[in-house]
Amino acid sequence: MKRPPWPEFLLLLALAGLVALSCSLGASHISPLRLFESPLARQIVIEIRLPRTVLALLVGASLGLSGAVLQALLRNPLADPGVLGISATSSLGAVLVFYFGFHFVVAGGIAGSLAAVLILILLAGRHAGTLTLLLAGVALSSFAVALTSLALNLAPSPLAAYEILFWLLGSVADRSWPQVAMVAPFILGGWAVLATTVRGLDALTLGEDVAHSLGVDLRRLRWAAVAGTALCVGGSVSAAGAIGFVGLVVPHMMRALVGHGSARLLPACALAGAVLLLAADIAVRLLPLGTDLKLGVTTALVGAPFFLAQILKMRERQ
Amino acid sequence: MKSRRAKFLAAALLLLLASAAAAEPRRIVSANLCADRLVAALADPDKVVSLSYHAADPALSTILERAARLPLNHGDAEEIAALHPDLVVFGQYTGGAAVNMLQGLGIPVHILPVPRDLAETRSAIRDLAARLGVPERGENLVREIDDGLARFSRDHKPANGRPRAIIYSAGGWTYGAHSIDDDILRKVGAVNISTLAGIDGIGNLSLEQMVALQPQLIVVETIGNQPSLETQLLQHPALLSGGAKRLDMPMRLWQCQDAALVEAARRISEALP
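Chains as they are written, first to last, in the numbering used here: chain L, 495 to 812; chain S, 322 to 594.
Just so you know, these hints were derived from the structure itself, not from any lab. Please read these numbers as outputs of a predicted model, since none were measured by experiment. Please note that a few of the clues may not be correct.
[As the list claims (entries may be wrong)] From the structure, some residues in chain S lie toward chain L, with a derived Cβ separation under 7 Å:
1. Glu386
2. Ala389
3. Ala402
4. His405
5. Gln530
6. Ala533
7. Gln537
8. Gln547
9. Pro548
10. Ser562
11. Gly563
By construction, the Cβ of each residue, glycine as well, lies at the ideal position given by its N, Cα and C atoms.
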C-alpha cells in the first residue's frame with residue numbers, strides 16, 4: 495500500500511475543515527460569516543456550536559489515543575475503551591456522582607474508568623490472550639451497563655431514567671463551556687501522561703524481557719498507561735457519555751498510514767480520533783431524523799463492520 | 322330497524338337516568354395529582370376519602386393541608402377498592418390497568434382528561450363537577466379562572482410590538498399553537514415564539530433554535546431541583562446571553578389546569594418587559 499507522504503498534514507487539513515463546518519451547522523441556519531455583524535450569530539456560534547465542537551475534538555482525540563495505547567500495552571489488536579468496558583464503567587461512575595447530588599461528575603467518571611482498567615488487568619492477568627481480555631471486557635461492560643440502568647432508575651430525578659441513552663451512546667449536543675472547562679484539564683492531563691509512554695510502548699513491541707533489558711521500567715509504563723487512560727477516557731465520558739469504536743478503528747487505520755512507531759502513531763491516532771468523532775457529530779446533525787441521535791450510533795455504524803472485518807482477518811491469520 | 326332504534330334510545334335514556342341517580346358520590350377517591358386538586362376544589366370535604374400521594378408533595382401540590390388529613394393512595398386497584406369508593410377519579414394517562422380492574426369490580430371511574438387548551442380546560446372542569454353532582458361549583462371555578470386571567474390582559478398591541486416569550490422546560494420541550502401555554506401567553510399580551518417555530522401542541526426546540534428566535538422572557542419550568550441532563554440544559558449560559566429575562570415557574574403553578582394558572586399568569590405578566 496502506498497503511503498501518502500504526510501498523512502498528519504492531511505488530517506490537520508481535514509480537522510480544520512470539519513471545525514469550520516461544525517461551527518456553521520446548527521438547528522437555526524445561522525451562518526458564522528455574520529459573526530462580526532450580528533450579536534445573535536456570535537452568541538450561537540461561540541456559546542452553542544463552539545463548545546460542542548471543542549468537546550468532540552477532546553473526546554475523539556482521547557478515544558483514538560487511549561485505543562492506540564491500550565492496543566500496544568495489552569498487545570491486543572481489539573483493545574479499545576469501549577470494547578473493554580472502560581467507557582461503560584466510567585459512565586456508571588459519572589452517573590452515580592451526577593444524579594445523586596455530588597456535582598463533580600468528572601471525579602466519578604475517572605474513578606469508574608480507573609476501576610475498570612485495574613479490574614481488567616487483575617481479571618485477565620498480564621499475559622492474557624486476546625480472547626480472555628475481550629471476555630473480561632464483555633463481562634465488565636454488561637455489568638456496568640446493568641448497574642447504570644439500575645442507578646438511573648433509583649435516581650431522585652424523575653427524568654433520569656430517560657437519560658440512559660446519553661450514558662450508553664454518548665452525545666456532545668448542547669454541552670456548555672463550563673461543562674467543557676470542567677473536564678478539559680483532566681483530559682489534557684491524561685494526554686500528557688500517555689505521551690510519556692511512547693518509548694516504553696515501542697520497546698514493549700519487542701517483548702517484555704527485551705523492553706526490560708532496554709532499561710524500560712515496565713511498572714511505571716503500565717501505571718502511566720492506566721492513569722492516562724483513566725484520566726482522558728473518564729473525563730470524556732463524564733461530559734459526553736460512552737462512545738464506542740473510535741479507539742478501535744483509529745489505531746488500525748493510522749498504523750497503515752504512519753507505521754508502528756509510537757512517536758508518530760500516538761499523535762496521529764489523537765488527530766484521527768478527533769477527525770472521526772467530529773465527522774460523526776456533523777453526520778448526527780445532518781441526518782434529517784428530527785430527534786437527538788446519539789453519537790455512539792454513527793460511530794458504531796462505521797466501527798462495528800470494521801470490528802467484524804478485524805476478527806475475520808485474525809481468523810485467516812490463524 | 323325502528324324498534325331496535327327505539328330500544329337503543331330507551332337503553333340510553335335508562336343509562337342517563339341511572340347515572341343521574343348515581344350523580345352524587347359520597348365516597349370519592351382521587352388517584353391523580355390534577356384530579357386531587359380539582360376534587361378538593363369542587364367536592365364537599367367530607368365526601369373525599371383519599372387523595373393521591375402527589376397531593377402531599379410540596380413541589381406539586383396546592384392542597385397540602387387537605388392531603389395531611391386524608392389517607393393517600395398510589396393508584397393501585399387493590400388499595401383503592403379497599404376504601405369502598407363510589408367514584409374514583411383517574412388522570413387520562415395515569416390510570417393504567419387499575420382503571421379496568423376497578424370497573425370490573427363495579428366501581429365507577431371518571432377519567433379526567435389532560436386538556437390541551439383553555440377551552441378543553443373549561444369542559445374538563447365542567448364534566449368533573451357534573452360527575453361530582455356539583456355543576457354550579459364547576460361553573461364558578463371556570464368563571465374564577467376566566468376572570469382571573471382577564472385581569473392580566475394587556476391592551477393588545479400589534480403582533481410585532483408584543484414582547485416575545487417562551488415557556489421552556491427541561492430537555493427543550495415547549496408548547497406551541499393550540500396549547501394552554503399559548504393561550505396564557507396570548508392572554509397576557511405576549512407572542513409565544515414556539516408558535517413562530519411552527520410548533521403545534523407539544524414540541525422540542527433545541528437551545529440553538531430557541532436562542533435564534535430571540536425571546537425577551539424565558540419562563541423556565543423545571544421538574545424539581547434534582548440533577549439530570551435535561552434540567553442541566555436550563556443552566557446553559559447561552560440561554561440568557563442574548564439578554565433574555567428568566568422566570569422560574571414552580572411546578573405546582575403550571576402542572577395542572579386549575580385556579581393556579583391565574584397566579585402563574587400574574588407572575589408572567591409582571592415579568593414581561
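Hint by hint, here is what the structure shows:
Taking 7 Å as the C-beta contact cut-off toward chain L, the hint placing Glu386(S) at the interface is violated, the least distance being around 25 Å. For Ala389(S), the interface hint is violated, the least distance from its beta-carbon to any beta-carbon of chain L being 23 Å, above 7 Å. Nearest Cβ of chain L to the Cβ of Ala402(S): about 27 Å, over the 7 Å cut. The hint is violated. Interface hint at His405(S): violated, since its Cβ lies 32 Å from the closest Cβ of chain L, which is beyond the 7 Å cut-off.
For Gln530(S), the interface hint holds, the least distance from its beta-carbon to any beta-carbon of chain L being 5 Å, beneath 7 Å. Interface hint status for Ala533(S): upheld, as the beta-carbon distance to the closest one in chain L is roughly 4 Å, under 7 Å. A hinted interface residue such as Gln537(S) counts as satisfied when its beta carbon comes closer than 7 Å to some beta carbon of chain L; here the least separation is about 13 Å, so the hint is violated. For Gln547(S), the suggested interface contact is upheld, since its CB lies about 4 Å from the closest CB of chain L, less than 7 Å.
Because the smallest distance between the Cβ of Pro548(S) and any Cβ of chain L comes to about 6 Å, under 7 Å, the interface hint for this residue holds. At about 5 Å, the closest approach between the beta carbon of Ser562(S) and any beta carbon in chain L falls short of 7 Å, and the interface hint on this residue holds. Because the closest C-beta pair between Gly563(S) and chain L is about 6 Å apart, less than 7 Å, the hint holds.
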